[in-house]
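A.B. asks: Using the hints provided, position chain U relative to the given structure of chain C.
So the chains spell out like this:
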Amino acid sequence: MQGSTRRMGVMTDVHRRFLQLLMTHGVLEEWDVKRLQRHCYKVHDRNATVDKLEDFINNINSVLESLYIEIKRGVTEDDGRPIYALVNLATTSISKMATDFAENELDLFRKALELIIDSETGFASSTNILNLVDQLKGKKMRKKEAEQVLQKFVQSKWLIEKEGEFTLHGRAILEMEQYIRETYPDAVKICNICHSLLIQGQSCETCGIRMHLPCVAKYFQSNAEPRCPHCNDYWPHEIPEVFDPEKQREAGISKSNKKSLRSRQH
Amino acid sequence: MLQTPESRGLPVPQAEGEKDGGHDGETRARTASQERPKEELGAGREEGAAEPALTRKGARALAAKALARRRACRRMNRTVAELVQFLLVKDKKKSPITRSEMVKYVIGDLKALFPDIIARAAEHLRYVFGFELKQFDRKHHTYILINKLKPLEEEEEEEDLGGDGPRLGLLMMILGLIYMRGNRAREAQVWEMLHRLGMQPAKYHFLFGYPKRLIMEDFVQQRYLSYRRVPHTSPPEYEFSWGPRSNLEISKMKVLGFVAKLHKKEPQHWPVQYREALADEADRARAKARAEASMRARASARAGIHLW
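Protein chains in written order, with UniProt numbering: chain C, 1 to 266; chain U, 1 to 308.
Keep in mind the hints are simulated off the structure, nothing from the lab. The beta-carbon is built from N, C-alpha and C at its ideal position, and this holds for glycine as well. You can trust all of the hints, since none of them are fake.
Below, a list of computed lysine-lysine pairs in the PhoX-like style, where the Cα atoms sit at most 20 angstroms apart:
#1 U:212 x C:140
#2 U:94 x U:212
#3 U:93 x C:152
#4 C:42 x C:52
#5 U:93 x C:157
#6 C:139 x U:203
#7 U:212 x C:152
#8 C:152 x U:92
#9 C:42 x U:148
#10 C:152 x U:203
#11 C:144 x U:203
#12 U:93 x U:212
#13 U:203 x C:143
#14 C:152 x C:111
#15 C:72 x C:52
#16 U:212 x C:144
#17 U:212 x C:139
#18 U:111 x U:139
#19 U:150 x C:42
#20 U:104 x U:139
#21 C:157 x U:92
#22 C:111 x C:189
#23 U:203 x C:140
Residues of chain U clear of chain C, computed beta-carbon distances all greater than 12 angstroms:
#24 61
#25 108
#26 134
#27 232
#28 235
#29 241
#30 254
#31 264
#32 299
#33 301
Label-pair restraints from in silico Cβ distances:
#34 C:137 x U:151: 35 to 45 angstroms
#35 U:169 x C:154: 13 to 23 angstroms
#36 U:151 x C:58: 24 to 34 angstroms
#37 U:60 x C:49: 50 to 60 angstroms
#38 U:77 x C:55: 18 to 28 angstroms
#39 C:58 x U:188: 47 to 57 angstroms
The following block holds chain C by itself, in its conformation from the complex (with noise of 0.2 angstroms):
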């Protein structure tokens, strides 16, 4: 091939199994990707040690390089807790979802993405999205078909649903952040700190800067007097708690309980 001088990594019927789970899972969180690989390590090197996890993924996306792919990392908004997802580096569009879905659900998708674009909060009414039916391409939809449509982009993890309204889930943004930015580029808005694109966040009343949760939480780690970084006005918002893996954990391991076969808990 053409002379590279990186060192491409190797892949073995482990990572082959890994990624071919990650690909059908569409988006994993990290406790779950970690569990996942060492379930490809059971199937396949039974009495191999377990790659760090950054490692392993780094190995696997030197290989996906020369296809124009990569396992991202990325981080919810809401929560901070980290996710991952096979996305694709080359392409712009939303043409993963193009295959899962007929044309007028995803035009309804990209109403609901301008919504939740143009919105102050990041989140777009039900209502306000089933206002849009009769403006959809393609065949004729009826809102009650709609509001079954909307479910199918939750049950797929492209939106997240609260209280009626909708936002774009973290794996949307992990896989459309780069579309996004360039198709809506007026529209979009940007967090202050990590500089990514921002759906939800808190915003400074005074200068109009935005962060997203999980960086205010960093940001303002352990500091009795937030202040905005732009404007220096105090920063009027409560500030969340950083993420701790290990107390997820413990959540996770009370869900999964409920299975017979676990591998040994560290």
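C.D. replies: Chain U alone, transformed into the frame defined by chain C:
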């Protein structure tokens, strides 16, 4: 961008090209300085007995040729990458992929290089993902992906965070019904069974969507089921049988085991079907042995060549 049904697959190459224009510029700048000395050496070899000192015009022409070659190479790599993604995405829907689809949505005017492109894509699919790209139908040039990773044991399967559970379960039920009825089931019988499970053809189901669409379009198109008109029936009746993909991916013994579990009985409870399933297992074992033998023969032939 969000467009027509064409974007159901992957975006058309033009959009891709625009995006990559900038990218190309960067890499060009970076690699040009590294590669020029090499290219000139190579050029010297190509020219053969030509004069060792190249004129400025000649050097520019050679550099342009080298650049064009690099561009073509990059374009080839991109097309291969797009084809890999196209195949993965289409396979996720489990629909067989035709050569004409690949040319239409991905390959475009590189059509003449199709054999090379698909060979490279197949190699990526094998090495990176563990899928084998198999030509499913020689006449119509259709392909499917087969999972080459070893199938899971039962305990392992429970831990597999497994994806397509409900739909696979529904398919198994239909395959089971067909099998137990002597490898054919009338359409009416299938709908009767689903009705008993609380499904109606045109009513949206929270797990399966519209059952009629799932069965008639998805399962039939993906070749898990075959749908045929029963001859000499009026009004016309239709029947389902196992599709070629089911025969490839699922065994009669497995389906019989599924049905047996449902009824809390042993597979041997149905002697006719059990005998048929045993014969099917024997056939599969023979086919597998034949395939392995020919692979070994090919491998040793290759090794023989390398010795020289």
